[in-house]
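> Got chain U sorted already, so can you dock chains G and L onto it with the hints?
In case you want the letters, here they are:
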Amino acid sequence: MKEKEIDLAVVGSGPAGLSAAIEAAKYGASVEIIDENALPGGQLFKQIHKFFGSKEHYAGVRGYDIGRKLLDEAENLKVNIRLNTIAFGVFNKNKIGLFDQRSILVSKPKKIIVATGASENPLAFPGWSLPGVMGAGAVQTMINIHRVLPGRKVLMVGAGNVGLIVSYQLLQTGADVVAIVEAMPKIGGYFVHAAKVLRIGVPILTSHTIIEAKGDKEVESATIAALDQNLNPIKGSEKELEVDLICIAVGLRPEADLCRMLNCKFTYIPFLGGHVPIHNGDMETTTPGVYVAGDVSGIEEASVAMEEGRIAGISAAESLGYISSEEAEKEKIKCKERLKAFRIGPFGSPRQEGKDKIFEEYKRRVKNVK
Amino acid sequence: MVIKIMNFPLSCEAVIIGGGMMGCSIAYRLAQADYDVIVLEWRNIASGASGRNGGQVIQLDGRDKDPSSIARRLIYTKENTKLLDELVEELDYDFELNRCGSFDIAFNEKEAEELNELVEIQRKAGDKEIEFLEGKEVEKMFPMLKKGIYGARYRLTDGNLEPFKLTYGLAKAAKNHKAKIYTHSNVDKILIGDNGEVIGVSIQGKIIKAKWVINATNAWAPILTPEIDILPLRQVAVLTERIAPIEKPSPIETVIEGDVIYTTTQTKSGNVIVGGLRTQARFRNDHYKEDVSLEEIQESTSIISKLFPSLSHVNIIRTWAGTMGFTADGLPCVGPIPDIKGLLIAAGFSNGMANVAIIGKLVSEYILHNGKTSLPLDPFDPARFYKKKINWPEPYNYTVLAEFLKKL
Amino acid sequence: MRIVDHPILGKLKERKKVFIEVDGRKIEAYEGEPIAAALLAAGVRVFRYTSKGKEPRGLFCAIGRCTDCVMIVDGIPNVRTCVTSVRDGMKIETQKGLGKWRK
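Heads up: the sequence lines are chains U, G and L, in that order. This note's numbering applies: residue 1 is where the first sequence begins, and numbers increase by one. This note's numbering applies: residue 371 is where the second sequence begins, and numbers increase by one. This note's numbering applies: residue 779 is where the third sequence begins, and numbers increase by one.
If you are wondering where the hints come from, they were derived from the structure by calculation, not from laboratory data. These numbers were taken from a predicted model, which means no experiment stands behind them. Just so you know, even glycine gets a beta-carbon here, dropped at the ideal spot from N, CA and C. You may find that some hints are simply not true.
Using 20 Å as the maximum straight-line C-alpha spacing, the simulated PhoX-like pairs for lysine-lysine come out as follows [claimed, not checked]:
# : chain 1 : residue 1 : chain 2 : residue 2
1 : U       : Lys-217   : L       : Lys-832
2 : L       : Lys-795   : L       : Lys-869
3 : G       : Lys-618   : L       : Lys-878
4 : L       : Lys-795   : U       : Lys-217
5 : L       : Lys-878   : G       : Lys-510
6 : U       : Lys-153   : U       : Lys-69
7 : U       : Lys-265   : G       : Lys-659
8 : G       : Lys-550   : G       : Lys-576
Computed beta-carbon distance windows for the label pairs [stated by the list, open to error]:
#  : chain 1 : residue 1 : chain 2 : residue 2 : range
9  : U       : Ala-195   : L       : Arg-793   : 33 to 41 Å
10 : U       : Asp-216   : L       : Met-779   : 41 to 49 Å
11 : U       : Gly-28    : L       : Arg-843   : 49 to 57 Å
Pulled out of the complex, with its shape left as it was, chain U reads as follows (with noise of 0.2 Å):
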């Protein structure tokens, strides 16, 4: 088998990576992103809308500009992105098993960036397995990456910030959104979203969720009923919905398996998505040598990931030598400034409480911490 020696692995090209593998090029350390899809960026291609925030967050810029921008940005940095390559495994502490659809390869990196973001819950109620069932990013990447509609009436379970965004991203194909069901009793994602849909007409049906899903051979219909403080079904709110297509968007999960095979211990913070890797402010988590950014480190959003991408680039690159402690220090700030800017509010102080809890738990297991 093929080896080869890097200074940095990065893997995941999403918004962490890509921002990672930016910064440690940019001190001189060598790079290569493995990631196993066709095409690199992540989530960002299919995020059409426009993000908000600051100057620095690519306000007024729609997610797949800003995937753009980074993609050219580590090509002139001469970093080696691997598509269609899959990390299967790590092995004896610091070998990476890649297969590319032919061989296997071995990557030996001195230093490990473990940026592969999230993957979405399921829901499970009666009818769940129906073809016409899908997960709201699956739809996404349908209708904005393949340009193809799953289904022309649509119910959407969940109305956190990717159930709002995609339920408008699907109003702009020319799709239906019968209606939105969300089981808490208030709205999960921001109101900007939220609002765009309600003027048009769809109607967030909070504290509701779908009873069941029915179809012979296919999604046909859809029961939904209201909940009561226990979050049970009120028996006679029963109601069936016409629909076709069902988008579950009930939350995602880090997608750890790497971290786990790297011998990184978790800590569980359910606001953060469940199981996540236990880390510090500069990304190390509790194998040293190992970094994490992004959803992986706890679901937030593309701008988070990128500020964390960038901390554990500069983190790699200070520990393998190539920028002093004081310059990192310095650019590590900035970032650490920018994401607590945005971290804050109703929709965020809740993820710097989950993020305050895992620095602690970081603090508690390993010593002689700085």
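Structure of chains G and L alone, referenced to chain U:
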């Protein structure tokens, strides 16, 4: 951090240490007889070799050429086969026993001759089920097998089963008969009184008193019973995605490069599993490591395409390693520890399925009927290895050990 | 259904067309797109039937994780159609259970 405090009983009649298939089999038999028995397992049920083997049911494994050894082993495996079939009815748990036969395949003339010879010796020693099949016959039974087989040693009542389910089935049945099984319960010490009688065990700072303590921890047995030198032996397994049924799904043993044996079989759910003893020689402690190297994965995986060329596209979905117990004569240690009243051992297994039911029965009989067992435990007498230190070669693997034993 | 025009993404660009066969039926696809996309565009949503309950299954995660979308592609079963690109002349079959071995 939360430490789970277990509510262990203050005393019971028998403590079984080890929740693998042996421990659960013994617990089942004792519990069935209304004996007050508990099982203390340091990880999960079937977390050792019991849950890591390929499920191959091969009643007379290896290429034993000694007629009296063969004859003696047959007595026990025949009885075990009968009992396993009975367990299919008794346990309220389908462990997917499939008697589809087992094959030991020869890829060249020399091997075919050796196997033919072996079959003759085994038949003479009393094994009426073993047969030698010509290459053409084997190819007819296995249309997907690589062409050019020179012959095979075949036993029709062998096959495969699901070892997790077997162990769980035994554990569940034991619990139904009021046995208590505690997982994540690591025994610190077996407590023996000055009078040479077992007191019980100490665990998490508590003492559980018992009349009998049974060490059923296989490869880890020397930790609690250092006087019996059982060697840990690591094996690697590789599992494919579920595929359509191969004709036949039987375990196939093949020898690669002279003296190494790989076994392949297809489970009821459709996954093909490959296990082999060819791993790099390691130091003793490294035989307990359950992670797998890339080279081991590649090697194990290549066996599938060597045997079944049309399966070379099939994906591997899981790999792992497990640790079996190895003894100098290949037979387990089952019975009383000399000089100590009430301490039994049931460890040193590298073919659990050929022994699980009979050992459970014999150990429970020993306890219930004052040492009287329906078949003698003499061949497995722990006394033969008691306080006998063997200078095992290190690093070792199966090949190194086989060479070493030849010279002994 | 193909999204021919879109307020943000604009008109569907001209791409090279290929033909794939699905259960004997010829279907048009765009070179390089995932098999699942071509099938959905053609209105095909049932990709396979499960072994035990013979239940219909199709696309769910679209990211290569859940394996609900597998079909028999050019004779090979268990192929994830959401991460496998189409090729001109590709033969795709609805997978029933684990499929059957060809003689």
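> Against this structure, judge whether each hint is valid.
Verification of the supplied hints:
no.	hint	verdict
1	U:Lys-217 - L:Lys-832	holds (11 Å)
2	L:Lys-795 - L:Lys-869	holds (16 Å)
3	G:Lys-618 - L:Lys-878	holds (14 Å)
4	L:Lys-795 - U:Lys-217	violated (29 Å)
5	L:Lys-878 - G:Lys-510	holds (18 Å)
6	U:Lys-153 - U:Lys-69	violated (35 Å)
7	U:Lys-265 - G:Lys-659	holds (19 Å)
8	G:Lys-550 - G:Lys-576	holds (17 Å)
9	U:Ala-195 - L:Arg-793: 33 to 41 Å	holds (36 Å)
10	U:Asp-216 - L:Met-779: 41 to 49 Å	violated (20 Å)
11	U:Gly-28 - L:Arg-843: 49 to 57 Å	violated (36 Å)
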